[in-house]
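Asker: The residues making up each chain are set out below.
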Amino acid sequence: MIELINVEKYFKKPIRGKGVWGMFKTLFSRKHTLVKAVDGVSFTVGDGEAVGYIGANGAGKSTTIKMMSGILTPTRGEILIDGKRPYKSRERNAVLKTIGVVFGQKTQLWYDLPLTETYDLLRYIYDVPEADYKRRIGELTELLDMKPFMDAPVRTLSLGQRMRADLAAAMLHNPKTLFLDEPTIGLDVLVKRKLIEAINELKNQYHTTLILTTHAMSDIELLCDRVIVLDAGKILFDGSLEKVKHMFGDKRNVTIQTPAPIDVSAVVDKYEIENVSTDGDGLLTTFTIDAQKLKIDVLLDVLLKSYKVVDIKLSETGIEQVVEKIYADVKSDDDAAIEAEGGAQA
Amino acid sequence: MLKELKLYPKYVSMSLRSGLSYKADSIIMMISFAITEVVSLATIYLIVGTVPAIGIWTFPTLAFLFGFTLVPKAIDHIFTDELWLLAYWAIRHGELDIFMTRPLNPLYQFVAQTFKWDGIGELVVGVVIMCIFGPQAGIAWTAGGVIALILCAVLGIFCFTGIKLLFASIAFWVKYAGIFLNTVYDISNYAKYPVRYMGKAFASIMFFVIPFGLFLYYPVECLVTGANIWWAVLWSAVAAVVLMTLALTVWRLGIRRYESAGN
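Residue numbers (the working numbering), protein chains in the order written: chain A, 1 to 346; chain B, 1001 to 1263.
Bear in mind the hints are in silico, worked out from the structure with no lab data behind them.
Being a predicted model, the structure only gives us computed values, none of them experimental.
Hints should not be assumed to be uniformly reliable.
[To be verified] Computed from the model, here is a short list of chain B residues facing chain A with C-beta under 7 Å:
1) T1101
2) P1103
3) L1107
4) E1221
5) S1260
[To be verified] Think about it this way: if two alpha-carbon atoms lie no more than 25 Å apart in a straight line, the pair counts; the simulated SDA-like pairs of lysine to any residue are:
6) A/K84 / B/M1001
7) A/K36 / B/M1001
8) A/K245 / A/K305
For every residue, glycine included, the Cβ atom is placed at its ideal position computed from N, Cα and C.
Build out the structure end to end from the sequences listed, making use of the hints.
Answerer: This is how it looks when you write it as structure tokens:
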């Protein structure tokens, strides 16, 4: 079980002056700004849960993961992983043996050597018995389809291959909890899909607790049953995936390019369209719909019949839109509550 | 600690094998280190040739001192060269992350990943110079003296590593500590000359503040002047313990405020 109790992480950033003189002054000045990367976060994750930890860039997701995996020490508050604190030197090793970490932007693999070399080193670091190690390597190679590049130096791997290899490295010692910090960053759609499916299979096979940060809503939909939304270091929302879907719906964006600006009122009046925006001197029009209320093929049909369409683009919604929507909802709930309270007092 | 020792050969072999793709690079580095040291010894020869000897410090004696200072420096270089990257790069770029998520001392993991065998060039040059000039250096050699000098060299490695770690760890506070490390290395070069003749203030610094004079110069001075070299062993041991303790404390304080690098 993972417990976070009022966790805060502040970074001090010195205020830098301009020019050479300013730089010199910075050396002796104690002035700094305080950046509250994580500002009072509490939650509990039970064994076997799969949690999507999302938020816009700079919301504090990575900082939280880094605190849970022993890299950063919280400024205040406590993190307990099965009752032990990963940032305490005495408790560190016991905690770290039970977790695995994958960073999308960093590799733990030995750059100039074949994968097997790193795995062998990890076997010793984590004291994995030889029989277990052999069996797991076999299973992971199969599941992540790593045979073709097992003996190639890591530097020659593609990003997708490297991510799979890093995933296997993090799973070698059968961790109870797996932290994934943006594992799909920079991968193309197909590779991303395959990776997510593999993670899903790993999770089911080994009953690993999963904590995942990502920028793609689709990753979360496939993997997680619970979502925690972070904004500016604070938890904005913590609930089931179902609830997020209910709050947000299944949003799609359809963008069409037309030779001249169009009048959208005919379509907007007739069909249930959530939002319309234009761009590129009015030549690009984006329709946002809830796919559960208006079928995407119906909309496409209407658009193609109503306008002269040069180009068309479909896109899913990003985390940013989800966060924005949840933010707006939470905000309006708060305002309503405050108003109600004010009314009662009066 | 046992696990660290047991794993070390594995790290060395991995480091050596991953260096194989850059073999030519390493050999060139090794030769250039050796040449640099030989050239600086030649410089000393030219200088000493034009001025009269200072007391007992004739050219062979100076050369012997020169050779001795290379030994701890070269061995430290072979084992802990990665500390340069700590000062210049790793802390600023969050490169310690992966080591901190594994159940093994992060400092050990970081340092053990590079076994810099090209430092052997320096080591060989140092030992060869000592062997050539030892007999002419005006030293009354005894078995005890040799053992004491070897002990001083071993303790000197720890002193060197301590100083390097201490100054590299400043990077936890300033992000970019390479300049400090460079300066300290420049200062270490003064221990290749008779420190005692460099003025009281500077000599005190070299003996008690950044004690290169204490563990590199002083043992040889004892041998040359016939003083009891076991005092040098004692002082080197004190320096090694103090420097390593200080360095590990600063590292520990630093790692607690390690900030990684943002994604």
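Asker: For each hint, tell me whether it holds in the structure or not.
Answerer: Structure-based check of each hint:
A hinted interface residue such as B/T1101 counts as satisfied when its beta carbon comes closer than 7 Å to some beta carbon of chain A; here the least separation is about 4 Å, so the hint holds. Evaluation of the B/P1103 hint against chain A yields a held restraint, the C-beta minimum of about 4 Å falling below 7 Å. For B/L1107, the suggested interface contact is broken, since its CB lies about 12 Å from the closest CB of chain A, more than 7 Å. At a threshold of 7 Å, the smallest CB-CB gap from B/E1221 to chain A is about 38 Å, leaving the interface hint violated.
About 6 Å separates the beta-carbon of B/S1260 from the nearest beta-carbon of chain A, less than 7 Å, and the hint is met. Taking the CA atoms of A/K84 and B/M1001, the gap is about 22 Å. The hint holds against a cut of 25 Å. Among the hinted pairs, A/K36 with B/M1001 is inconsistent with the structure: their alpha-carbon atoms are about 37 Å apart, more than 25 Å. Taking the CA atoms of A/K245 and A/K305, the gap is near 31 Å; set against the 25 Å cutoff, the hint is violated.
Going through the hint list in order, the structure does not satisfy hints 3, 4, 7, 8.
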